[in-house]
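A.B. asks: Sequence:
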Amino acid sequence: MASILKRKRAQTEVADIPKRSKPTTESANPSAKFAQSNGGFDIFEALGNGKELAQVNGAHVKDEFESTEVIDFEDLFEDVPFESVDSQAKRGLKPKKEIWEKKIPQAPKPVKDHSWRISEPVGGRIIDANPVFTEDEKYLILANRMSLLIYSTSDSLLTRTIKFDHLKHPFAHIVAYELSPTDSNIIWAALSDGAIYRVDWTSGAGNDQSWKISSTGCIHMTVASMVSAGRRRDVVFTTETKKDGGWRITANELTQPGSPIQTVARTIYTSKTPINYLKTANEGSVLLAASGKSILLGYVRNLDFDTTDKIKYVFRVFDSTAPIMSLDVRVYPRTVIDDRNISKKTPVVDVVVGDAKGFIFIHRDLLGNLIQSENKNYASMVNLVPARFHWHRKSVETVKWSLDGNYIISGGSETVLVLWQLDTGKKQFLPHMTSTILNVVVSPSGSSYGIQLADNSAMVLSTAELEPTANFAGIQSSVIRYAEPQADEVQRAKSHIYKFHVVQRTPAVISSSNPSHLLLGVGENPEVPFYGAPVRNCSFLQTYDLSAGHNVSKQALARTNVTTLNETPNALPISEPRITHIQKSHDGLWLATVDEWTPSHADLDFIQHQATSPFAELKIRREICLKFWQWKEEGQLWELVSRINTPHTASDAAPGAGQILGLATDPSSLRFSTIGEDSVVRTWVPKTRKRDGIAVKDGKGNVLKNWHCQHEIQLEKSELTDDYLRSTPYNGAVAFADDGSILAAAFA
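Using the working numbering, the first residue of the sequence shown is number 123, and each one after it goes up by one.
The hints are simulated quantities; they were obtained by calculation from the structure and are not laboratory data. Among the hints, erroneous ones may be present.
[Unchecked claim] When the alpha-carbon atoms are kept at most 25 Å apart in a straight line, the in silico SDA-like pairs for lysine to any residue are as follows: (1) LYS548 <-> SER565; (2) LYS364 <-> SER416; (3) LYS516 <-> THR443; (4) LYS549 <-> GLU536; (5) LYS822 <-> GLN758; (6) LYS516 <-> ASN499; (7) LYS749 <-> HIS833; (8) LYS749 <-> SER669; (9) LYS749 <-> SER565; (10) LYS479 <-> THR377; (11) LYS516 <-> GLU689; (12) LYS334 <-> ILE433; (13) LYS812 <-> GLY784; (14) LYS415 <-> ARG510; (15) LYS676 <-> VAL538; (16) LYS334 <-> PHE440; (17) LYS819 <-> VAL802; (18) LYS549 <-> ASN683; (19) LYS401 <-> LYS548; (20) LYS432 <-> ALA317; (21) LYS401 <-> ARG239; (22) LYS415 <-> THR338; (23) LYS467 <-> LYS479; (24) LYS466 <-> THR443; (25) LYS432 <-> LYS415; (26) LYS466 <-> LYS516; (27) LYS432 <-> THR385; (28) LYS290 <-> ARG239; (29) LYS434 <-> VAL507; (30) LYS260 <-> ALA592; (31) LYS434 <-> LYS479; (32) LYS479 <-> THR338; (33) LYS365 <-> TRP333; (34) LYS260 <-> PRO590; (35) LYS827 <-> ASN683; (36) LYS415 <-> ALA317; (37) LYS548 <-> LEU506; (38) LYS516 <-> PRO455.
In this text the structure is predicted, and so the values were computed from the model without any measurement.
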């Protein structure tokens with residue numbers, strides 16, 4: 123007999139399928155949207171209750187089923203005579219198959235297509251523009267492609283990110299940004315497609331409204347606070363391309379919607395060469411610009427205008443001998459009237475110019491001298507020859523006046539900040555910067571310098587001690603530079619370059635012990651030209667926190683030329699090793715790196731008359747090292763423990779080191795593996811360091827270790843016997859199984 127008891131079973135708990143969060147509309151309150159937002163992303167946060175991460179075909183999925191019971195199979199057929207399915211259907215009865223399907227609980231249908239959640243972009247490259255100090259100097263404002271970044275100068279942390287909608291401007295990027303001289307809470311930002319934003323940097327309000335000033339885009343922008351007709355307003359000066367060819371400078375008065383004053387613009391200057399620099403002074407009455415080898419100095423004719431479309435400037439142009447790379451202007455009132463009969467209303471305009479050959483020129487009272495040179499009676503009294511200074515070997519990337527006008531500050535590719543004392547002619551140097559100095563700004567009080575470097579970082583220096591008080595760094599991996607800089611117009615000796623455009627990989631790895639930390643190999647100058655790319659130097663290890671969006675640490679993993687002379691006697695840059703592979707152990711306490719160094723082609727010119735091939739000589743002189751580093755908690759850095767020179771040999775049995783094609787770490791134990799161009803796989807493990815049979819310990823009693831090769835596996839060689847069909851492996855990889863029991867290797 124069938125049992126009449128049915129054992130109940132507790133309801134089965136099924137984990138919720140991750141669901142993707144629905145897109146939300148923009149908040150009506152912009153200040154709430156941007157308050158205290160950082161540059162990281164929340165992918166590393168713990169998921170709260172009910173947090174949905176995924177969607178299936180655009181809809182959320184919930185597979186629910188009733189609690190399961192233990193079925194007594196005899197109950198399905200109790201008191202029911204046996205009949206065929208056809209006969210049951212004729213009598214109007216449900217077939218036993220349907221009863222079976224109803225009684226037996228069905229498993230939920232598997233979900234096939236899961237959507238993936240993509241985090242917000244992290245990092246980004248700081249654009250080449252002057253950093254901006256806020257009025258109280260508590261914050262420094264930088265910008266990347268489509269965001270304004272507000273950093274605290276007290277703790278170097280990112281306090282707010284103001285993003286512009288990339289869907290509205292899919293191919294645009296920020297070209298310039300400047301604090302409003304009328305309202306210190308407002309910052310103006312110009313995009314390359316001609317859009318201008320007026321944003322409150324304290325809250326982010328205004329990032330959803332823009333003005334379109336030109337259909338041909340925008341090259342540069344600056345802002346002046348001008349007073350006319352009893353009204354003070356911000357006038358935005360921009361440079362853009364003309365539709366019919368050429369370039370122009372435009373003055374724009376951009377008003378808010380609903381304002382009784384109309385938005386107007388006026389072209390104040392046109393040029394046949396690109397205008398790539400623009401700066402105003404003395405409340406917009408003085409305008410300074412650079413166009414190729416020419417300097418443009420404009421002075422407003424009359425300040426009695428109702429709207430900006432009636433403003434007029436008089437421009438004077440003078441040429442330089444080399445492309446102009448940087449310039450700055452200092453304006454102050456004229457206190458003494460000399461015998462040249464210059465009007466007291468004409469201010470004193472001092473201009474400093476840095477060119478592509480490394481020269482710095484200082485023009486004293488340039489506006490007054492240009493005005494007098496046009497007067498026949500006083501032309502002979504005018505001296506337009508500037509004072510010339512020279513220390514930089516290459517182009518002067520930035521030059522600025524100090525607030526009191528007694529100093530000028532300059533910087534360039536020499537990684538040295540130079541302070542020129544004009545009265546005595548003495549120079550003061552701050553050497554050993556990490557990369558090329560791109561921009562220098564002086565804080566409103568003159569107590570700090572804001573410095574932007576080419577390695578995607580910036581810092582704040584105190585003017586008294588010349589010591590850094592804040593440091594801001596982004597991801598410093600290499601990027602491609604498509605535009606040729608103006609400095610390339612000056613012919614210079616260059617290091618070894620690739621004939622064709624190539625992809626130079628950036629080694630990187632996610633920390634297994636801290637998944638939010640990204641470790642990557644970086645160099646001093648991460649911008650690589652698309653054509654004629656030099657062999658990139660990559661000697662540093664950067665640790666970047668993806669969740670917080672800021673740099674954690676940076677240290678050298680190979681020899682560098684930061685603190686030594688970085689050029690040869692024939693003006694060629696000295697090549698540095700480059701890191702090709704990085705791997706971290708499963709416990710996060712060990713790091714394995716591979717660095718490679720090859721001398722420059724120019725260093726082998728002395729053997730060109732010999733029969734030896736230069737490429738063969740380069741291969742012989744190539745140096746490749748496998749290094750093992752241990753994490754030191756006390757110093758918060760990686761300490762070199764073992765260095766293996768030439769861990770693999772060349773594939774053709776020739777002298778010299780062979781390239782390492784792949785590096786892998788064992789996820790279950792302390793072990794690394796490499797594959798080289800010699801088609802050999804080697805595993806590396808640590809062993810206790812001993813001296814006279816006794817384990818060597820450090821000062822804290824910890825046993826010291828060395829690394830050595832544990833196994834060596836020769837991979838099967840090609841069956842092709844013809845020498846001309848054989849080739850050196852150029853790509854390879856190794857990988858461990860999760861339990862470390864299997865090691866897979868491949869090469870091509």
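A.B. asks: For the pair supplied as a hint, LYS466 and LYS516, confirm whether the alpha-carbon distance does not exceed 25 Å.
C.D. replies: Violated, at roughly 40 Å.
A.B. asks: Assess, step by step, whether the Cα of LYS516 is no farther than 25 Å from the Cα of PRO455, and give holds or violated.
C.D. replies: violated, 35 Å
A.B. asks: Within a Cα-Cα threshold of 25 Å, do LYS479 and THR377 meet the stated pairing?
C.D. replies: Roughly 43 Å separates the two Cα atoms, so the pair is violated.
A.B. asks: Please verify whether LYS415 and THR338 have alpha carbons no more than 25 Å apart.
C.D. replies: It holds: about 24 Å lies between the C-alpha atoms, which stays within 25 Å.
A.B. asks: Given the hinted pair LYS260 and PRO590, is their Cα-Cα distance within 25 Å?
C.D. replies: Holds, at roughly 15 Å.
A.B. asks: For a C-alpha distance cap of 25 Å, please report whether LYS401 and ARG239 respect it.
C.D. replies: Cα-Cα ~44 Å, so violated.
A.B. asks: Can the restraint linking LYS822 and GLN758 be considered satisfied, given a maximum Cα separation of 25 Å?
C.D. replies: Distance of about 17 Å is within 25 Å: holds.
A.B. asks: Is LYS548 within 25 Å of SER565, Cα to Cα?
C.D. replies: holds, 23 Å
A.B. asks: Given the hinted pair LYS827 and ASN683, is their alpha-carbon gap at most 25 Å?
C.D. replies: Roughly 30 Å between the alpha carbons, so the hint for LYS827 and ASN683 is violated.
A.B. asks: Take the C-alpha atoms of LYS516 and GLU689, compute the straight-line distance between them, and say whether it is at most 25 Å.
C.D. replies: holds, 12 Å
A.B. asks: Checking one constraint from the list: CA of LYS432 to CA of ALA317, max 25 Å. Satisfied?
C.D. replies: holds, 23 Å
A.B. asks: Against the 25 Å threshold, does the CA-CA distance of LYS812 and GLY784 hold or violate the hint?
C.D. replies: Measuring from Cα to Cα gives roughly 30 Å; hence the hint is violated.
In summary, the structure is inconsistent with hints 6, 8, 9, 10, 13, 16, 17, 19, 21, 23, 24, 25, 26, 29, 31, 32, 35, 36 and 38 from the numbered list given earlier, while agreeing with the others.
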